[in-house]
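*Asks:* Please model the entire structure based on the sequences and the hints provided.
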Amino acid sequence: MNIIFMNVILIAMILALLIPIVEVCKDNNVWQKMLALSSISSKTTMMIFIVSVLRDDWMIGVVAVIILSVGNAGFMLMAHIMKRMRNA
Amino acid sequence: MTDSYIYIISVLLPLAACMVLFQVNPYHALVIRGILGAIAAMIYAIWGAADVALTEALVGTMLAITLYAIAVRSSMVMRVGVLTEELQEIDENILKDDRVHNLFGQLITDLRKVFQNYYMRIELIFYQDIKELDQALIDREIHTTCVRSSSLEPDNLDETETQPYQTKTRVKRLYNIMKNELSSSKTMLTYFSETKPEEKH
Amino acid sequence: MEQYQYIVDILSYVCIGIGIFFWFWGTSHLTKNRSVLFKLHSLSVADTLGSMAIVFGLLLKIPSEWPLLILAIISLAIWNTMLGYVLAYCSSTRGDHD
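Protein chains in written order, with the working numbering: chain A, 1 to 88; chain B, 1 to 201; chain C, 1 to 98.
To be clear, the hints were calculated from the coordinates, so they are not data collected in a lab.
A short, non-exhaustive set of chain A residues, derived as facing chain C with CB atoms under 7 Å:
no. : residue
1   : PRO20
2   : LEU35
3   : SER38
4   : SER42
5   : GLY61
6   : ASN72
7   : LYS83
Note that beta-carbon positions come from the ideal geometry of N, C-alpha and C, so glycine has one too.
*Replies:* This is the structure:
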């Protein structure tokens, strides 16, 4: 019962993940793509979290937390680099 | 089939990789590389390789993006050497708001427009006189020179009426692009073939 | 004790369901033809709140991993908000200053 519920949740999350992936192909503006990227990264991290809880695996959960904070920091850096590159 | 989601998720990785491959704009490819990194980290974590996922997240989002950005910024550029007197003229024309007679500004705008289709930037580098400019072209400091025809040969006035500028480039590809797409009649294009065959890159 | 466990389970599923609903609602704005800032607003609100709801649901479900999940909630609240601000700043000021 529990496993089936978790599988349904994960498949719903995959569907939610597909929306920004499709959107990134269609849009032509760099900032729209950055939005989709930030959305995708937080969604993937949440999926890792769900899997770690599903398997009761502490190690994967730690990785998810590190990806969550470091990945976001990386995107902030990337947004600034993009801004500099477009302006120059 | 309790793990059916693993197979669905695994399909996302080649999908994202194909998106990076078929993206022509380098800036957009940079963003999609970030998406590929996020999805790859998720798949590695779900398959149980926590250490690989951590490495992918750190390297993929921070290091690769930074290095890629530096590479794109420093390589997708055409350096144009011009004389310092053009700089003064630009300043004067901006002060007078004289857009019609600012031929040089128009020429650079046209160049920017042409090379925007190739995702390249134009960088202006200023030199004191013609000799320094030519030497810089030979020394591969710049890709292209753009000078007033009148400052090259002051006697020949007929030519300068129609094409007041002379653009010389040492890169065959840039010459082809400019020849095909630069529609402005303000400049004369020449291809400068390098005479140092021993210097091969 | 048994019936309490039952209630907590249902509560956690409700939380996760609300979170996923938030995700779909926020991401659906991405497909519309609106300005970047509008999309950024709905996306950051929906992603942050939805993810926090999901993590809270997981916290109810498995309380033994509480330090990790609390850390996730805190870093979501701080970093996602900050990323939203940075993206808004970078996408709106096109060479006006700096």
